[in-house]
Amino acid sequence: MRRRRGRVALSLVLVLLGFLVVVQLRSQSAGQALNGLSVQELGELVANLSTRNDQLREEILTLGRQRDGVKGAVDRGDTSAAQIRSDLNRIMAWSGALGVTGPGVKVTVDGPLPGDAVEELLNELRNAGAEAISLGDIRVVPGVVVTGPPGSLVATGVVLANPVEIMAIGASDTLAGSLTRAGGPIAQLGARYPDVVISVSAVDKLEIPPTDRDLSPKLGRPRL
Amino acid sequence: MNALTARIRAIPTWQVTLSAALLGLGFLIAAQLASEGPRVRYTSQERTPLVETALDLQKQQDGLKQQILDLRAEIQGYEATGEGGAAVTRALNDRLDQARMAAGLVSLSGPGLVIQLSDSSAAVPPDGNDRDYLVSGQDVLAVVEELWLAGAEGVAVNGERVTTGTAIVDIGGSVLVNSAYLVPPYQVAAIGPADMFDRLTRSPGFVDFVRARSETFGIGVGYAVSDTVDLPAYAGLVNLRHGRAAASPSPFPGDGPSATPEDGP
Chain A
1 MRRRRGRVAL SLVLVLLGFL VVVQLRSQSA GQALNGLSVQ ELGELVANLS
51 TRNDQLREEI LTLGRQRDGV KGAVDRGDTS AAQIRSDLNR IMAWSGALGV
101 TGPGVKVTVD GPLPGDAVEE LLNELRNAGA EAISLGDIRV VPGVVVTGPP
151 GSLVATGVVL ANPVEIMAIG ASDTLAGSLT RAGGPIAQLG ARYPDVVISV
201 SAVDKLEIPP TDRDLSPKLG RPRL
Chain B
1 MNALTARIRA IPTWQVTLSA ALLGLGFLIA AQLASEGPRV RYTSQERTPL
51 VETALDLQKQ QDGLKQQILD LRAEIQGYEA TGEGGAAVTR ALNDRLDQAR
101 MAAGLVSLSG PGLVIQLSDS SAAVPPDGND RDYLVSGQDV LAVVEELWLA
151 GAEGVAVNGE RVTTGTAIVD IGGSVLVNSA YLVPPYQVAA IGPADMFDRL
201 TRSPGFVDFV RARSETFGIG VGYAVSDTVD LPAYAGLVNL RHGRAAASPS
251 PFPGDGPSAT PEDGP
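Residue numbers (my numbering), protein chains in the order written: chain A, 1 to 224; chain B, 1 to 265.
Note that these hints are calculated values from the structure, not bench results.
Partial selection, computed: residues in chain A whose CB lies under 10 Å from chain B:
hint, residue
1, Ala33
2, Leu37
3, Thr62
4, Arg126
In silico negatives: residues of chain A with every beta carbon more than 12 Å from chain B:
hint, residue
5, Thr108
6, Gly151
7, Val159
8, Val196
9, Ser199
10, Ser201
Note that the Cβ used here is the ideal one computed from N, Cα and C, for glycine as well.
Build the full structure now, drawing on both the sequences and the hints.
See the structure below:
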């Protein structure tokens, strides 16, 4: 009898132990990490996630229309060359394989800035929704990294002469606002590099060239 | 001594097990209470709904990304069905497959390297800044850039593929990649050539990074070289809302006045 009571107690304790292990592990995850953020930072995070989700919904609508168009063509017995060509154009322009034209901003960096600081500007432009970016004549695509100490910038083996011009297509007010906001990247870089002048101007029509890099993977294979 | 041994032997096994379990239980209760500390400290009327909203939005985002991947697969399926034997359409489809791979819209698998960045476990000195001991967006960005320079042909961070539009930012010590909120440790996976690890670890930029972040603040930098590194497909916006594609320098198959009978009415 005593032994049976002991087993029951042991079982109860082990169940409780398992429950607490799960609770403990779960509390180590995302929710807990968010608790280190201030109210202002949480607000910024929520705004960021919300904007991204709106973009994803927009992409879902676009893809839904595209799916209906291709399906309609197939159902009618047509081949879908027009749809495929449109899809191909869209993807190649987005990825950098085709040139892009449109409104945006021109950022001029005049003075000795190191490569990682230029990368900060590029990263900020991407974060603000830039659709295509170039550094002079170099289209910025994955693999293009600006390196070098102040005054000796290099990207893809090409020396970038002073002043460096960055062009970005997108909503010009959003792009410019993101760079020039109080405490933003230009303000921070201005404090760290007082000899550098960074100016931003809106442009109605920019022409950003395609990349000359081969973006196709050579070693990676599609994962099924 | 013999009496003590005899008494210990007389204790039933279940009592020993129960004692061990109770010890573990006590430890976990203490750990749970300790982990509640910061929450209690920071909890305010504004914070709780914001944390819940952020978690909910991230959950929604995961669902939306899956919908995008499903729709793309569906479209690809229809496009393949519609080949209809037309040589022009087949050529277009091949080119589209290549473009998708080049853009990061296809999951890839190949040889490469995974670098894990983890928060420091070192004690923060009284005059130190807590955030110096956490992995930042700048750290992740620096590692991604060094991997590109070492020859990577594709990179992902905690399941987020790095593409032409990817921004890596941090908000209050939390890292967002493609605007997805990621939880540390951060695993930066790259497919690349066999000598990528050597090229990376010889790079002055990477050596400086390790010195500045790992040796000074204790940020964990782990490596794993593998024959099979998996990169997920990018699930996000692939649209130009403000820009327009310029004319293709090399015409697509079927372009031009003599072509595209299969475009149909």
